[in-house]
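Enquirer: Here is how the chains run, residue by residue.
2 protein chains.
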Amino acid sequence: MASVRDLPNYASLPEAQTKAYAESLDSQDPLQHLRDEFIIPTIEDLQRDTISREGINKDSPKSIYLCGNSLGLQPRLTSERIRAYLDQWSTKGVFGHFKLLKESSELPPWVDIDDAAAAKMAGIVGAAPNEVAVMGTLTANLHLAMASFYRPTKERWKIILEGRAFPSDHYAVESQIRHHNFNVDDSMLLIEPDSAEHPTLSTEKILSIIDRHASTTALLLLPGIQYYTGQYFDIPLITAHAHSKGIMVGWDLAHAVGNVDVRLHDWNVDFAVWCNYKYMNSGPGAIAGMFVHEKHGKVDMEQLQSGQGGYRPRLTGWWGGDKSIRFKMANRFVPIPGAAGFQVSNPSALDLTSVLASLEIFHKTTMKDLRAKSIKLTGYLEYLLNQACSSLLSENEKDTSSIKSALPFSIITPTDPHFRGAQLSVRLSPDMLELVMVELEKHGVVVDERRPDVIRVAPTPLYNTFTDVWNFVHIFQDACSHAQTQL
Amino acid sequence: MASVRDLPNYASLPEAQTKAYAESLDSQDPLQHLRDEFIIPTIEDLQRDTISREGINKDSPKSIYLCGNSLGLQPRLTSERIRAYLDQWSTKGVFGHFKLLKESSELPPWVDIDDAAAAKMAGIVGAAPNEVAVMGTLTANLHLAMASFYRPTKERWKIILEGRAFPSDHYAVESQIRHHNFNVDDSMLLIEPDSAEHPTLSTEKILSIIDRHASTTALLLLPGIQYYTGQYFDIPLITAHAHSKGIMVGWDLAHAVGNVDVRLHDWNVDFAVWCNYKYMNSGPGAIAGMFVHEKHGKVDMEQLQSGQGGYRPRLTGWWGGDKSIRFKMANRFVPIPGAAGFQVSNPSALDLTSVLASLEIFHKTTMKDLRAKSIKLTGYLEYLLNQACSSLLSENEKDTSSIKSALPFSIITPTDPHFRGAQLSVRLSPDMLELVMVELEKHGVVVDERRPDVIRVAPTPLYNTFTDVWNFVHIFQDACSHAQTQL
Ligand SMILES: Cc1ncc(COP(=O)(O)O)c(C=O)c1O
Ligand SMILES: Cc1ncc(COP(=O)(O)O)c(C=O)c1O
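Listed in order, the protein sequences are those of chains P and G. What the first sequence shows, in the numbering used here, is residues 1 to 487, in sequence order. What the second sequence shows, in the numbering used here, is residues 1 to 487, in sequence order.
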């Protein structure tokens with residue numbers, strides 16, 4: 001993981017509150033040039049209900065887009081690469097599957113485009129190239145993964161997950177348990193936070209639940225980063241602990257991939273799934289990813305030849321089969337070793353083109369450097385939010401006629417940078433959310449709301465600036481102040 | 001199904017062999033204008049190993065692309081719609097999920113783009129809009145479908161499929177059987193053709209195998225159109241027969257969708273899956289489709305509320321959940337009634353945009369009219385091939401020194417238009433394939449080869465012409481003649 005030792009102690013710097021300071025952080029940022037790789041919507045772009053560029057105001061200021069945790073922005077390269085893909089299809093037709101093109105290593109023949117994407121993606125999640133497949137969609141991949149990694153028996157059949165899991169994971173697990181004819185009530189172990197006030201989960205709590213159900217649990221499924229609280233779990237420690245009790249471990253990395261520098265191989269994770277539309281900037285619903293640890297992807301040809309298995313059981317399809325015999329139509333499945341052997345279908349070349357374009361940008365830096373910037377950026381956001389909170393509080397306290405002396409908002413994301421990524425989740429005091437959101441939108445700020453009272457603010461290190469953060473907090477403080485007068 | 005009564009009896013028309021006749025068929029074709037909706041690669045386009053348009057010969061003649069059964073050509077509209085999608089993403093960011101745009105009903109907010117695609121797709125497969133979901137990939141959808149429709153018991157656990165099934169279907173079925181801990185050897189019933197010479201399967205044979213295993217079979221899975229032989233199965237009759245024995249019936253429509261006018265609802269099919277990159281012209285690996293009959297998609301809210309099921313068991317994900325509560329994160333799954341309730345993930349808007357663009361072209365005509373043209377076009381291909389075969393044969397017979405008096409090729413696809421779609425599969429005499437393919441490619445003909453001896457020729461009614469067919473057969477006849485001199 002990236003070091004947090006270099007993190008400035010903003011609170012000790014009186015000038016840290018000034019816009020000039022934010023700007024100076026930007027000018028010292030070694031990754032600042034990467035922002036230019038993205039199309040940042042202008043405020044007018046966001047507000048108008050058209051997409052045509054005719055008659056638009058080119059001088060409209062750029063929005064403050066802090067929503068990469070929900071949908072990442074579009075790399076400039078994406079449209080260029082998609083244009084090339086469209087030309088590849090329209091000029092080559094079916095030959096596009098095999099024809100090597102002269103002009104660009106960025107346009108692999110489609111029969112190899114999945115490997116190209118996996119190779120480029122592997123470093124992002126700390127995996128070997130053959131441990132990653134870019135395929136399917138997150139929840140579909142989770143089902144494929146569970147078909148292989150959740151093999152319940154009468155002795156071990158439970159699945160541990162969070163009580164506040166993202167709904168899709170909850171539903172997927174619930175339906176898998178039913179699929180195997182187990183009873184949901186005594187098979188689905190939900191880790192609940194200690195209180196609604198503090199919705200994060202301590203590592204101790206997780207470990208103790210593992211201990212309590214060690215002998216009857218088949219699988220542990222947790223998110224790398226929790227979508228609601230922004231909590232970053234201790235993946236290596238939790239994985240090792242569960243393994244020590246004989247439990248398989250899978251991670252949903254929807255909010256972690258491209259955000260924090262995970263090291264799935266070294267951390268000995270069994271499998272992981274993710275989507276590529278958040279920090280991976282590949283567009284809404286873009287083709288997803290799956291990690292299968294090397295140890296689970298092995299193919300023993302001798303055993304296979306003799307009809308005794310030879311590979312980890314799974315639900316199969318032709319695209320997971322050995323490429324050299326794939327088109328021989330012999331109906332004898334020989335999996336590709338590694339994650340690629342879990343593929344079932346020929347993947348969308350269009351979607352992969354979008355993922356590849358995004359990965360080109362990631363390869364202009366490293367996850368380590370991105371994470372280092374992210375820690376600073378999110379730390380700065382936290383510092384300014386705390387300052388704003390104090391100011392709002394003292395404003396209220398002056399107004400003795402009001403009952404608004406409670407904190408106008410609080411941050412529910414852990415304060416320790418090791419336990420969070422880019423996102424801070426901010427809980428507003430009751431009834432403020434709608435009022436605040438209206439103001440934010442008016443000023444071209446994009447953050448994500450989770451009713452009734454939480455906004456999630458995610459400065460992403462690839463395209464957000466310290467000035468974005470500064471601007472956001474000032475608009476947000478005004479919005480809170482405005483909302484308080486309305487209540 | 002479209003009527004074949006209007007099919008001209010080409011053999012009784014002496015002029016039918018002339019190019020002028022082919023051209024006259026084109027000029028009378030009410031769908032001829034649809035060809036202009038597609039980008040037909042030129043011969044030079046196919047041959048050069050670049051995509052750039054610089055310095056290319058604009059007068060290069062168009063290729064004869066008879067490979068829509070493998071990868072359909074690109075509609076002109078596709079790049080325009082994708083350009084708009086990219087603008088939607090780059091100007092609206094995350095608001096693209098919900099924002100209604102003024103300029104075009106062709107750019108639904110992404111939260112509704114799946115419904116838009118399903119509604120436009122439904123007519124293509126003879127389904128009600130809520131019986132179709134545009135989602136996932138073919139083999140992944142097949143697994144999701146089998147998770148719901150293949151629920152083996154000790155009494156009924158077998159799956160009937162063809163012995164020469166497309167590998168992915170074979171693997172999917174095999175792995176599902178293993179997944180349920182049954183023995184593949186006595187669970188997978190493979191219908192084999194009577195002889196390698198005649199690789200089609202008679203309806204009687206299929207029905208008799210159903211009868212033989214009626215009481216132990218859980219599922220019948222067949223292709224609407226067989227990928228290798230081009231045989232179009234009698235879906236309504238086979239489905240009804242299997243149903244009468246209590247067997248569930250699924251169809252793989254990879255080669256049938258957009259090709260023949262199936263009526264999945266009326267034929268009472270339980271489920272079907274397909275891909276959209278063949279006759280559906282949505283690009284390599286494009287997002288796929290799934291049909292679930294209305295009767296299986298019902299949701300009984302009372303039962304559901306009382307915790308007693310209320311819907312057909314399946315593997316679930318949040319995108320299959322009721323839209324009005326989807327973002328409430330309450331972790332109580334309430335499926336959308338119909339096929340949409342089988343969705344698991346938020347789908348690729350980019351891929352759906354490509355499918356929607358293609359569907360716009362389909363909606364300029366009807367499947368009934370397309371099928372009517374297709375029957376004529378494929379009939380004309382068959383007639384000319386038969387003529388060519390006779391000419392080649394008499395050529396050979398003159399050459400008494402040779403042993404080449406056997407037929408140079410034969411058509412293995414059924415001769416009855418009711419039992420085939422656009423594709424004719426042609427088996428060449430031994431060792432001719434490579435030689436013929438070289439000649440075809442040289443002359444800008446694109447067909448698909450299946451080694452060692454079959455080519456599949458698929459004139460697709462949306463963009464192929466009678467003149468394409470005429471040109472193809474003349475080039476093919478020369479190629480055969482040339483190949484014979486080389487052997
Ligand atoms: C008949 C048939 N079934 C299944 C498939 C597999 O499709 P996918 O790779 O999209 O899952 C194909 C692919 O060509 C096919 O032709
Ligand atoms: C943590 C988490 N898991 C799962 C999902 C579901 O993803 P998909 O719809 O791509 O399957 C999401 C979507 O936002 C998510 O945030």
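Derived by calculation from the structure, the hints in this document are not laboratory data. Incorrect hints may have been included.
Put simply, identical chains are the same to the list, so a pair is met inside one copy or across any two.
List time: in silico EDC-like cross-link candidates among lysine to aspartate or glutamate, alpha-carbon distance up to 16 Å [what the hints assert, rightly or not]: (1) K442 - E37; (2) K364 - E37; (3) K442 - E197; (4) K323 - D112; (5) K102 - E54; (6) K102 - E44.
Since we're looking at a predicted model, the values are computed, not measured.
Enquirer: The structure should be examined with respect to each hint, and the outcome stated for every one.
Expert: Hint-by-hint comparison with the structure:
1. K442 - E37: Neither. Shortest intra-copy (26 Å) and inter-copy (42 Å) distances fail the 16 Å Cα cut-off.
2. K364 - E37: within (10 Å within a copy, 40 Å between copies)
3. K442 - E197: Result: close neither inside a copy nor across copies, 30 Å intra and 72 Å inter.
4. K323 - D112: So K323 and D112 pass the 16 Å test inside one copy only (10 Å; across, 37 Å).
5. K102 - E54: Answer is between; shortest inter-copy Cα gap is 14 Å, intra-copy 37 Å.
6. K102 - E44: Close across copies (15 Å), not inside one copy (41 Å); limit 16 Å.
Hint check: violations occur at hints 1, 3; the rest are consistent with the structure.
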